[in-house]
Amino acid sequence: DSGVTQTPKHLITATGQRVTLRCSPRSGDLSVYWYQQSLDQGLQFLIQYYNGEERAKGNILERFSAQQFPDLHSELNLSSLELGDSALYFCASSGGTYQETQYFGPGTRLLVL
Amino acid sequence: DAKTTQPPSMDCAEGRAANLPCNHSTISGNEYVYWYRQIHSQGPQYIIHGLKNNETNEMASLIITEDRKSSTLILPHATLRDTAVYYCIVTRGAQKLVFGQGTRLTINP
Chain A
1 DSGVTQTPKH
11 LITATGQRVT
21 LRCSPRSGDL
31 SVYWYQQSLD
41 QGLQFLIQYY
51 NGEERAKGNI
61 LERFSAQQFP
71 DLHSELNLSS
81 LELGDSALYF
91 CASSGGTYQE
101 TQYFGPGTRL
111 LVL
Chain B
1001 DAKTTQPPSM
1011 DCAEGRAANL
1021 PCNHSTISGN
1031 EYVYWYRQIH
1041 SQGPQYIIHG
1051 LKNNETNEMA
1061 SLIITEDRKS
1071 STLILPHATL
1081 RDTAVYYCIV
1091 TRGAQKLVFG
1101 QGTRLTINP
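Respectively, the protein sequence lines represent chains A and B. Numbering follows our numbering, with no gaps: position 59 of the first sequence is 59. Take any residue in the second sequence, count from 1 to its spot, add 1000: that is its number in our numbering.
Treat the hints with care, since some could be wrong.
To be verified - Calculated cross-link-like contacts (lysine-lysine; reagent style DSSO-like; alpha-carbon spacing at most 30 angstroms): (1) A:9 to A:57; (2) B:1052 to A:9; (3) B:1052 to B:1003; (4) B:1069 to A:57; (5) B:1052 to B:1069; (6) B:1069 to B:1003.
The hints are simulated quantities; they were obtained by calculation from the structure and are not laboratory data.
Could you put the whole structure together from the sequences, leaning on the hints where they help?
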């Protein structure tokens, strides 16, 4: 158990819909990272937050957004969903200082029908 | 971040040592070598990391060559539960991880 929790575990929805994925970092960790893993793209970095502020952005679509709240949990919002958004979504957390190991949650499996 | 090269697949007999190589010839002086593994579709699991010295923990050992251009992850007594995709990642830390294709390690009974 990494100490990072993600909900829900599974999500099935239809094209055009909007969903919210939630991540609670390990106790004391300030940084949260979101990654997407699809069959054809492998594990790809989406976005990083540090103590409530966006720190880095990867290849995140404009239809996707994220935020980190004062209690440090984070949410990833996916809107106008397409079939190709079906994937595993992982969040990871780290202490946020230089050279901190990222610990990953169990992921949310999203299926868009 | 430096690019890494790993063999796509390896096999190892249960109970034997599994040695997974990784090439990172363009690594910078302030970049660390990290190893993660992913068992089926679970979240990537941190294994070990190092800068220039060899490292050992309860899961594995990491051997980094003196020129830091390559490294080897060693699982000393592989079990069936070690079957997974192993990722070697070079990073300065506190930033995104760039995952390649990794090595699919199969432990055979």
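Taking the hints in turn, this is what the structure says about them:
Between residue 9 of chain A and residue 57 of chain A the alpha-carbon distance is near 24 angstroms, which keeps this suggested pair within the 30 angstroms criterion. Only pairs whose Cα atoms come within 30 angstroms are accepted, and residue 1052 of chain B paired with residue 9 of chain A is rejected, the gap being roughly 38 angstroms. Taken as a hint, the residue 1052 of chain B and residue 1003 of chain B pair is honoured in the structure, with Cα atoms around 17 angstroms apart against an allowance of 30 angstroms. Straight-line distance between C-alpha atoms of residue 1069 of chain B and residue 57 of chain A comes to about 28 angstroms, which keeps the hinted pair within the 30 angstroms bound.
With a C-alpha separation of about 10 angstroms, the suggested pair residue 1052 of chain B and residue 1069 of chain B falls inside the 30 angstroms cut-off, and the hint holds. Proposed proximity of residue 1069 of chain B and residue 1003 of chain B is supported: the alpha carbons are some 11 angstroms apart, at most 30 angstroms.
Violation of the numbered hints given earlier is confined to hint 2; every other hint is satisfied by the structure.
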